[in-house]
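Colleague: Each chain, written out:
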Amino acid sequence: MTEEKVIVANNLTRTFGKFTAVDHISFDVRRGEIFGFLGANGAGKTTATKMLTGILSSSGGYATVAGFDIKKHRNRLKKNIGYMSQKFSLYEDLTLKENIRFYGGIYGLSKKETAAKTGEIVERLDLKQIENTLISEIPLGWKQKIAFSVAIIHSPKIVFLDEPTSGVDPITRRQFWNLIYEAAENGITVFVTTHYMDEAEYCDRISMMTEGKIAALGSLHELLTKYNSKSMDEVFIKLAR
Amino acid sequence: MIAIQNISKSYGDVKALNSISFRVEKGQLFGLIGPDGSGKTSLFRILTSLLKPTSGKATVAGFNTVTDYKDIRKIVGYMPERFSLYMDLTVEENLKFFATVFNTTIRENYHLIEEIYQMLEPFKNRRAGDLSGGMKQKLALSCALIHKPEILLLDEPTTGVDPVSRKDFWDILKKLQKSGITTLVSTPFMDDAELCDEVALVQKGEILKMDTPQNLANGFPHKLWKIVSENNYRTLKVLDEFETKISAFSFGNSVHLATGDDVDEQAIVNHLKQHNVKLISIAIIKAHIEDVFMDLMSHEKGSS
Amino acid sequence: MKTFIAFVSKEFKHIFRDRRTLIILFGMPVVLVTLFGFAITTEINNASIAVLDRSHDSYSRKLIDKISASGYFNIKSELQSFNQIEKSFSNGKIKLAVVIGNDFGKHLITGKNAEIQIVTDASDPNTANIISNYLMAVFQNFTTESGVLPPSNLKIDTRMLYNPENRSVFMFVPGVMTVILMLVSAMMTSITIAREKELGTMEILLVSPLRPWVITIGKVVPYLLLSIINAITILLLGLFVFKMPMHGSYLLLFSEIVLFILSSLMLGLLISTMASTQQTAMLGSMMGLMLPTILLSGFIFPISSMPVILQYISHILPAKWFIIIIKSIMLKGTGFKPIAFETGILAFITIVLAVMTIKKFKIRLE
Chain A
52 MTEEKVIVAN NLTRTFGKFT AVDHISFDVR RGEIFGFLGA NGAGKTTATK MLTGILSSSG
112 GYATVAGFDI KKHRNRLKKN IGYMSQKFSL YEDLTLKENI RFYGGIYGLS KKETAAKTGE
172 IVERLDLKQI ENTLISEIPL GWKQKIAFSV AIIHSPKIVF LDEPTSGVDP ITRRQFWNLI
232 YEAAENGITV FVTTHYMDEA EYCDRISMMT EGKIAALGSL HELLTKYNSK SMDEVFIKLA
292 R
Chain L
218 MIAIQNISKS YGDVKALNSI SFRVEKGQLF GLIGPDGSGK TSLFRILTSL LKPTSGKATV
278 AGFNTVTDYK DIRKIVGYMP ERFSLYMDLT VEENLKFFAT VFNTTIRENY HLIEEIYQML
338 EPFKNRRAGD LSGGMKQKLA LSCALIHKPE ILLLDEPTTG VDPVSRKDFW DILKKLQKSG
398 ITTLVSTPFM DDAELCDEVA LVQKGEILKM DTPQNLANGF PHKLWKIVSE NNYRTLKVLD
458 EFETKISAFS FGNSVHLATG DDVDEQAIVN HLKQHNVKLI SIAIIKAHIE DVFMDLMSHE
518 KGSS
Chain Z
610 MKTFIAFVSK EFKHIFRDRR TLIILFGMPV VLVTLFGFAI TTEINNASIA VLDRSHDSYS
670 RKLIDKISAS GYFNIKSELQ SFNQIEKSFS NGKIKLAVVI GNDFGKHLIT GKNAEIQIVT
730 DASDPNTANI ISNYLMAVFQ NFTTESGVLP PSNLKIDTRM LYNPENRSVF MFVPGVMTVI
790 LMLVSAMMTS ITIAREKELG TMEILLVSPL RPWVITIGKV VPYLLLSIIN AITILLLGLF
850 VFKMPMHGSY LLLFSEIVLF ILSSLMLGLL ISTMASTQQT AMLGSMMGLM LPTILLSGFI
910 FPISSMPVIL QYISHILPAK WFIIIIKSIM LKGTGFKPIA FETGILAFIT IVLAVMTIKK
970 FKIRLE
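Each protein sequence line maps, in turn, to chains A, L and Z. Position 100, counted from 1, in the first sequence is what this note's numbering calls 151; the numbers after and before it change by one each time, with no gaps. Position 76, counted from 1, in the second sequence is what this note's numbering calls 293; the numbers after and before it change by one each time, with no gaps. Position 113, counted from 1, in the third sequence is what this note's numbering calls 722; the numbers after and before it change by one each time, with no gaps.
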């Protein structure tokens, strides 16, 4: 694996008044890596993710994502990242095809490219019979898979996933993770924010935030050994207490 | 305490519950485990008398959920799917309000919520909207407990909270159980199953299987292998071509492979080697509830 | 009773902790009344008028002097014929013309009907209204001062050019009061109930021994109180800042206001039984209540000049009847009897709405 770094964060900080939500965090994420970004409710992971995706400005420190400074090149940064959350994914009142066309449009894909991508997604996920169905009528599990495919429609360097599989049945969840693995194989870096430990265990490397700081960072195996635990749940509880 | 007989619920053409039956005994901690959209919330609303079933009958503490709804509403503590609190009232005001609504006072049943409330005490003048997810969850539980209900109905109480709060929450439920409260709890987390006395695995409005967590895990019908390798994704792909496999699913950074009893370790190791997978370890393991659930699901899928 | 008090106090906490609600509740009445008050100014100084004296006797001269001496009017020209009236209006020179009929003095003395015609430019109806009202006052003075003659002998014929139906003077205080009471009572109650449904707290309230009437009345009482406070604020503003006359009984006025508030509250409750989100409740009360109230109640557009269908629709609006009632009490000083019919209708609407709400109230989620 080449040591190309897709995210570099250096003493990244964000304060809200007197409260420091993100407190001098430093880490990097390699190309093609599946990076788990964990933390308890209110540990600062949402704030950090918002800064990395250019939605929120930082109060201190420095970070680049996909090679772009998060402060100076916000717009170019946004073109090179994908984003998917459980809450925001697809327009329920548009059909599958219309959704793909819309997202193709906002990321500046040409008509031809969009058509090609649509065909590719429909074929890979085996959606031929529902391509003109309204999203609201499609089961949750399928929606998640479609949402992920749409999030990487513009072949971003990195895709941010926010609790992508909470509430999904275990088989669909694994099918979903297979899509993520596939994307990673193709060189797309995957950044997963979650507090569901089973999602975390699929990641190549895991970072764990507590009180605005990164308390631990390493592969699942490294963390389990270091904290003498059987599961990420245990590591989490040891760290958060 | 809870008896459900052939309950079905439809919304137009959509069948949310399809002839579900089970019983929860007094003092039991019963888990309803299944993904979103499996009909758990509809069932809770039927039991709390908020919805009428399309067909079938349910009783809670002997009261019929349709005809005796007034009685049920006195003895049930209910925590809906979202933490339903008044976000603009403080912690204390919320608790006081719900106590009054149930014709009681905080002091009268303080012993029930004492332990939870001690964790909330430092924030008692904070508005509920400003609490963290875990704290909201504890406050919602306190509000559901304040009138000393005989039965607790908790709809996905651990969704949206971190593992620490989740663990605290289950500890509390266990303690409540000792004081004689019957609890029916739903959750999408398979891990939570092991903490219940009995669980029903639900999917698409039907019960796949119902038993104690131990029996469910022991009842896994295949040989199960845990395979740790350098690259899970590759391993899974390679195992796709392993002829005698029954199923292969990733579990964290390992793969769980189910096979028939006649398959031995060497055959698997050889197959992986042939396809250049760097094996780290392989072992026979006991099934997890999630293995059981997926196995049952794939039967369902196959049959339909 | 304890649960009821707890419920009401919770409701007040919601209200006082939400800045937006507070602004709508207490800022809006003051802002609206002031806006309307100054936009429709009631002060008239030196309004240009013309006089056509067809009588030319000492009484008519006296009247003209009186008009000119009042200080409110500036007699621009004395016309010679009817034809000149129209001309003067279209030149924009005058706002009003007074025509004194033939043998004015003779008719006054002999007890016959002495005729005066007032012609106004009602393309600016409010000004026209106000000027002609001032003029009326002058005429009243004139007849009493000239002694001997009972005022009924003076027959004044007012003609509003361009908009013959307009007859509203102090419309805005009753109108604004109606709109605000409707807004506070109907919209706010429907929104708070919808909010409980949206948050999921309604589920808990339903699954509690709380009786449905406690939930309903508990939601209504705070807004009833606030609406009464609002009504008083608007009345005080109208009476003291805008010198709105008040000829009738305060007790009667107050009772009618409470009745109207109740009808609006019932409407709000009815909307809330159908709306499951705050947004639906808001839109429902906006489109279903606010707009018809503003447009069809006769507050801005006179009902009698509306198409027949809209006139029928206006009959079912509580606001229409309420405006008639308030105007009668405040301006005409009528007692209960003349407005018994309108009050009856208002009460009937309220009862119908209450019954519908009770029938629609769900003890379940479906």
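Treat the hints with care, as some may be off.
[Said to hold, decoys possible] Below, a list of computed lysine-lysine pairs in the BS3-like style, where the Cα atoms sit at most 30 Å apart:
no.: 1; chain 1: L; residue 1: K440; chain 2: A; residue 2: K289
no.: 2; chain 1: A; residue 1: K281; chain 2: L; residue 2: K232
no.: 3; chain 1: L; residue 1: K274; chain 2: L; residue 2: K341
no.: 4; chain 1: A; residue 1: K289; chain 2: L; residue 2: K341
no.: 5; chain 1: L; residue 1: K274; chain 2: L; residue 2: K232
no.: 6; chain 1: Z; residue 1: K852; chain 2: L; residue 2: K341
no.: 7; chain 1: A; residue 1: K277; chain 2: L; residue 2: K503
no.: 8; chain 1: Z; residue 1: K721; chain 2: L; residue 2: K365
no.: 9; chain 1: A; residue 1: K69; chain 2: A; residue 2: K123
Hint data in this document are derived by calculation from the structure and do not stem from the laboratory.
Colleague: So which hints don't hold here, by number, going up?
Modeller: Failing hints, ascending: 1, 2, 3, 6, 8.
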